[in-house]
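A.B. asks: The opening residue of the sequence shown carries number 1 in full-length UniProt numbering; numbering runs sequentially from there.
Please keep in mind that the hints were generated in silico from the structure rather than gathered at the bench. Model, not experiment: these values are computed from the prediction. Ideal Cβ placement from N, Cα and C applies to all residues, glycine included. Among these hints, one or two may not hold up.
[As the list claims (entries may be wrong)] What follows is a list of derived Cβ distance ranges for each label pair:
#1 Arg22 <-> Ala43: 37 to 43 Å
#2 Arg293 <-> Lys49: 22 to 28 Å
#3 Pro17 <-> Lys49: 21 to 27 Å
#4 Pro17 <-> Thr57: 27 to 33 Å
#5 Pro98 <-> Val54: 34 to 40 Å
#6 Ala327 <-> Glu77: 29 to 35 Å
#7 Glu77 <-> Arg324: 32 to 38 Å
#8 Lys332 <-> Gly25: 45 to 51 Å
#9 Thr317 <-> Thr35: 26 to 32 Å
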Amino acid sequence: MATADDGDGEEAVTGFPYLRRRRDGSVRRLKGTDTVPPSIDSATGVASKDVPIVSATGVSARLYLPPPPPASSAAGEKLPIVVYFHGGGFCIESAASPTYHHYLNSLAAAARVLCVSVEYRRAPEHPLPAAYDDSWAALSWVAAHAGGAAAASPPEPWLSEYGDFTRVFLAGDSCGGNIAHNMAMRAAVETLSSGLKIEGLVAVHPLFWFSPAASETSASGDSFEATFEASWSFLYPSAARGLEEPCLNPGAAGAPCLAALACRRVLVCLAEKDLLRDLGRRYYEALERSGFRGILEKLESEGEGHIFHLLKPDCDTANEMMERVAAFLGEKSSSL
Numbered sequence: 001m002a003t004a005d006d007g008d009g010e011e012a013v014t015g016f017p018y019l020r021r022r023r024d025g026s027v028r029r030l031k032g033t034d035t036v037p038p039s040i041d042s043a044t045g046v047a048s049k050d051v052p053i054v055s056a057t058g059v060s061a062r063l064y065l066p067p068p069p070p071a072s073s074a075a076g077e078k079l080p081i082v083v084y085f086h087g088g089g090f091c092i093e094s095a096a097s098p099t100y101h102h103y104l105n106s107l108a109a110a111a112r113v114l115c116v117s118v119e120y121r122r123a124p125e126h127p128l129p130a131a132y133d134d135s136w137a138a139l140s141w142v143a144a145h146a147g148g149a150a151a152a153s154p155p156e157p158w159l160s161e162y163g164d165f166t167r168v169f170l171a172g173d174s175c176g177g178n179i180a181h182n183m184a185m186r187a188a189v190e191t192l193s194s195g196l197k198i199e200g201l202v203a204v205h206p207l208f209w210f211s212p213a214a215s216e217t218s219a220s221g222d223s224f225e226a227t228f229e230a231s232w233s234f235l236y237p238s239a240a241r242g243l244e245e246p247c248l249n250p251g252a253a254g255a256p257c258l259a260a261l262a263c264r265r266v267l268v269c270l271a272e273k274d275l276l277r278d279l280g281r282r283y284y285e286a287l288e289r290s291g292f293r294g295i296l297e298k299l300e301s302e303g304e305g306h307i308f309h310l311l312k313p314d315c316d317t318a319n320e321m322m323e324r325v326a327a328f329l330g331e332k333s334s335s336l
């Protein structure tokens, strides 16, 4: 949904202050377009590289390997694998964004994990469910390595040599938290390699909807629900159920039971001043009520807003959150 022409032939997009829609239907992004190359990070020593996954759609991933390189598989040490889905409202940012490159370097070093940061196609050029399908393709590619490098196409030696496929985590922030959740739900009904075990889910300031609507209002004076609905229609114009689509609203009538979530543990991170906080709480509460047999954890950061840990990565609260996430990734659960 577009608003008034700003005078240069472009229109603002309701719910997306960082987008402008041109007369030909294309969009201009005002932020979230900068990229940095993979490298060896001078601060952490983490090495990164970009790997293509599906050439036809452009799906790829940036991998992060902490130092020193762990022992070979013959010698024993393996690293947990974190499949990470970046935020940005499904329409900005990327796996190569400076913001996410910095965060994944820090996460790989702090938790000693092998990170796979997924580059999925963005709306509106590629409306949902493209991001979900791309993310599933990336997770399936990771899973294929659990059967040996020969089973993956293309094969990636970092995964084969260093990855522990019995300790795979799905993680993301904002819309990426939503994607991580949906991948865990999809893994409950679609087959991945039998050698891959999804240990946990980390949903940071996740993007969800639950009815009835929250009471907040947007800066334009529209109801929070109306703004949310317009935004969702822009991202997923073919969604027959609107805000009741289970991928957005896990509590919708007919949505799959959350007890089926295909992981052993869940960590939900919320922020006190985040407009999505109450919806994130309702997601956590829905998991509690669902009969999910795994372990549920919640972290609420006082005095902070949405994705504060990315905007202020060196603040005390961000450091506390990093420690909590790293500890969650480092834990080993017994069979449930």
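A.B. asks: Can you give the numbers of the hints that this structure goes against, from lowest to highest?
C.D. replies: 2, 3, 5, 6 and 7
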